[in-house]
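**Student:** Those protein sequence lines, which keep their order, are chains G and U. Residue numbering for the first sequence follows the working numbering, starting at -7 and increasing by one per position. Residue numbering for the second sequence follows the working numbering, starting at 35 and increasing by one per position.
Quick caveat, the hints were computed from the structure, so don't treat them as lab data. Mixed in with the good hints there might be a few duds.
[Stated by the list, open to error] Here are the simulated lysine-lysine pairs, PhoX-like style, with alpha carbons at most 25 Å apart:
hint, chain 1, residue 1, chain 2, residue 2
1, U, Lys145, G, Lys98
2, G, Lys48, G, Lys72
3, G, Lys57, G, Lys169
4, U, Lys161, U, Lys62
5, G, Lys451, U, Lys62
6, G, Lys72, G, Lys52
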Amino acid sequence: MSAAETDTVLSIDRDKGDFHYDVDYKHDAGRGLTEETLDFISNVKEEDQWIRDFRKRALKVFNEKPMPTHWASKDLEAIKFDEIRYYLSGGTKPARSWDDVTEEEKRTFERLGIPEQERKFLAGVEAQFDSEAAYSNVQAAVSDQGVIFMNSSEGLAEHPEIFRKWFGKVIPTGDNKFSALNSAVFSGGSFIYVPPGVKVAHPLQAYFRINAEQFGQFERTLIIVDEGAELTYMEGCTAPKFETATLHSAVVELVAMKDAKIQYITVQNWSSNVFNLVTKRGLAHENAEIRWIDCNIGSRLTMKYPGVIMKGRKARGEVISIALANDGQHQDTGAKMIHAADETTSNVVSKSISVGKGRSTYRGQVHIPKHLKGCKNNTECDALLINSNSRTDTYPAITVRGNQHATQHEASVSQVSEEQIFYMKQRGLSEAAAMSLSVNGFINDLVREFPMEYSVELKRLIDLEMEDSVG
Amino acid sequence: MSALEIKNLHAGIENQEILKGLNLTVPKGEVHAIMGPNGSGKSTLAKVIAGHDDYEVSSGEVLMDGENILDLEVDERSRRGIFLAFQYPSEIPGVSNANFIRAALQARLPKGEDIDAVAFYKQLYAKMDILEMDRKFTARAVNEGFSGGEKKRNEILQMMMLDPVYAVLDETDSGLDIDALRIVARGVNAMRSPERGFLLITHYQRLLDYIVPDVVHVMSDGQIVRSGDKSLALELEDKGYDWIKDLEPATA
Chain G
-7 MSAAETDTVL SIDRDKGDFH YDVDYKHDAG RGLTEETLDF ISNVKEEDQW
43 IRDFRKRALK VFNEKPMPTH WASKDLEAIK FDEIRYYLSG GTKPARSWDD
93 VTEEEKRTFE RLGIPEQERK FLAGVEAQFD SEAAYSNVQA AVSDQGVIFM
143 NSSEGLAEHP EIFRKWFGKV IPTGDNKFSA LNSAVFSGGS FIYVPPGVKV
193 AHPLQAYFRI NAEQFGQFER TLIIVDEGAE LTYMEGCTAP KFETATLHSA
243 VVELVAMKDA KIQYITVQNW SSNVFNLVTK RGLAHENAEI RWIDCNIGSR
293 LTMKYPGVIM KGRKARGEVI SIALANDGQH QDTGAKMIHA ADETTSNVVS
343 KSISVGKGRS TYRGQVHIPK HLKGCKNNTE CDALLINSNS RTDTYPAITV
393 RGNQHATQHE ASVSQVSEEQ IFYMKQRGLS EAAAMSLSVN GFINDLVREF
443 PMEYSVELKR LIDLEMEDSV G
Chain U
35 MSALEIKNLH AGIENQEILK GLNLTVPKGE VHAIMGPNGS GKSTLAKVIA
85 GHDDYEVSSG EVLMDGENIL DLEVDERSRR GIFLAFQYPS EIPGVSNANF
135 IRAALQARLP KGEDIDAVAF YKQLYAKMDI LEMDRKFTAR AVNEGFSGGE
185 KKRNEILQMM MLDPVYAVLD ETDSGLDIDA LRIVARGVNA MRSPERGFLL
235 ITHYQRLLDY IVPDVVHVMS DGQIVRSGDK SLALELEDKG YDWIKDLEPA
285 TA
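Kindly generate the complete structure, drawing on both the sequences and the hints.
**Tutor:** Rendered as structure tokens:
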């Protein structure tokens, strides 16, 4: 099927509700992936030749690379690349009326305290969420300090001198099959540049940018924080987002120059039909610090291993992650720490919760080569199982060569026992409340790392997940 | 009737009957003690009253003020006023004691109503003072790393905060030194009221020096075989448990 100006989106199946929704899009690249698809995207975006070439090279790499099913889940084979729409934008027509939104969805919004206006967007009642005012305010506030915060397509067009220097350098196209896919069809995502010495006081949020381009399927984010500058960035939201597209494959590249600090916070709550295959990596120069705080609650399969390459002396990398796998979900997450200079330090703390038939996997890679001195790594992964059907796997790969380093690894698996639930119920808590309290207790020390409003939402979200799992 | 009544209760675990037609009435305002040798079914009785899933009730009734509670969920029974002080309280990692008690109180409020935090802490601290518990226990995870004595005191603290109608204390004295025992007893005695009934399960009469019961029952092989006043506990202490084996079940 060729690209068309307007078309309707695939009907989607959700386990509950089973709703369909049709949106007329102004730009639709049609189904399947060919060079024409890439041309369509580049034409809409009026891109330069170098980026057109970049996309086409990436498509070749994508086609050549096999699926990583020799180590990853066979579930990846369920992705039908020929049936996917790789680019949709400019949809305006509300397709679903508020009356069509199920009581369950409404209750979820209510419980999470989502503002009225955002509910309609999230429920698919409005194709766009009008956040222009909030976004402009934030943009104006930071631009006074010389901070650039915009859509990555705008960044590419307006600041090629910065963009081109770092784009695809932290995560090369050929890093993995899905980074290649993203490189071919990317659209959306953020571009941020923070000038030397600027400490951005408030976290920047992708959420403010929703209407600039919808939550992309193939987001491409590039963040450069210059010498001595600091930035916190937040991505995603705790509200469930009802999605028509089942494949999401983002690439996020961070660059922290000398003495810079970047904190990147993600809360992922895609609906349960989504494959979320994400590549995230940061490059930390001398004495720079990159922290990934990553929370995965939704999706059918998430594969995500945020990484930090510690390129300069005394650079620090950290990954703090929480994954919750409910029935039918697989959270395959972890961290990648590449020590490439002396006295670099990395810290990985991962907590996963598996409920019902849910499955959590931790994959960690820590690499400290022989020629370095004084590197440190600490890795902790804890898994909590709720009921005997759940499954958890841990694959830590810590390669340390040389004897002038310190590494520490701890792993634990615990279970919310029947006795523990009985004890809490005897105090008057319902089964769902008891489980929720156990889960919140398990991740308590990590949730403190989240900004206040996120941690409150996170707690409510876990309450909801537990309520649903008890039925 | 204003009492916790257990009528002809047969219950057990995995087809093995442990309670064999037990009869017992604990009226409001009274403290009853159950004594008996290990394996007589004392802890089973406590768990069946609370509604533990592992135990199956084959016949009989547990009535709370005349209403059979056997069909109610564990948490529902709790909210109606049944409290069990556990012999082995569970640990809840990462959940602070204060938050746990607060969640339990919150569960008793109608939807949309919230606990008054200031009043809650005021009350919590007052009860902790009676039990000589350090304020730092509010922030510590429930029972995690607590000594045996601290766990038992924490059970009494929860009981005092939840203000139950009928409280069952399962071997609360086991593992306590004399000072801790005295403190626990002080908490229980402070709770004695015409509006509340207590069932103390104990192996030793020592506890009953500090919490003087109105009635003492002796349990053997899943039944109450003898009931009497405080002197029965002393008699048991004197003679040991061997002599009760020959006793016939008491009638309710």
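**Student:** Now, for every hint given, state plainly whether the structure supports it.
**Tutor:** Status of the hints after comparison with the structure:
1. As the CA atoms of Lys145 (chain U) and Lys98 (chain G) are separated by approximately 18 Å, the hinted pair is consistent with the 25 Å bound.
2. A hinted pair counts as satisfied when its Cα atoms are at most 25 Å apart, and Lys48 (chain G) with Lys72 (chain G) qualifies at roughly 20 Å.
3. Of the supplied pair hints, the one linking Lys57 (chain G) and Lys169 (chain G) holds, its CA atoms being roughly 6 Å apart against a limit of 25 Å.
4. With a C-alpha separation of about 22 Å, the suggested pair Lys161 (chain U) and Lys62 (chain U) falls inside the 25 Å cut-off, and the hint holds.
5. Restraint check: the Cα-Cα separation between Lys451 (chain G) and Lys62 (chain U) comes to about 40 Å, which exceeds 25 Å; the hinted pair is violated.
6. Simply put, Lys72 (chain G) and Lys52 (chain G) have alpha-carbon atoms about 18 Å apart, close enough for the 25 Å limit, and the pair holds.
Hint compliance for this structure: hint 5 alone is broken.
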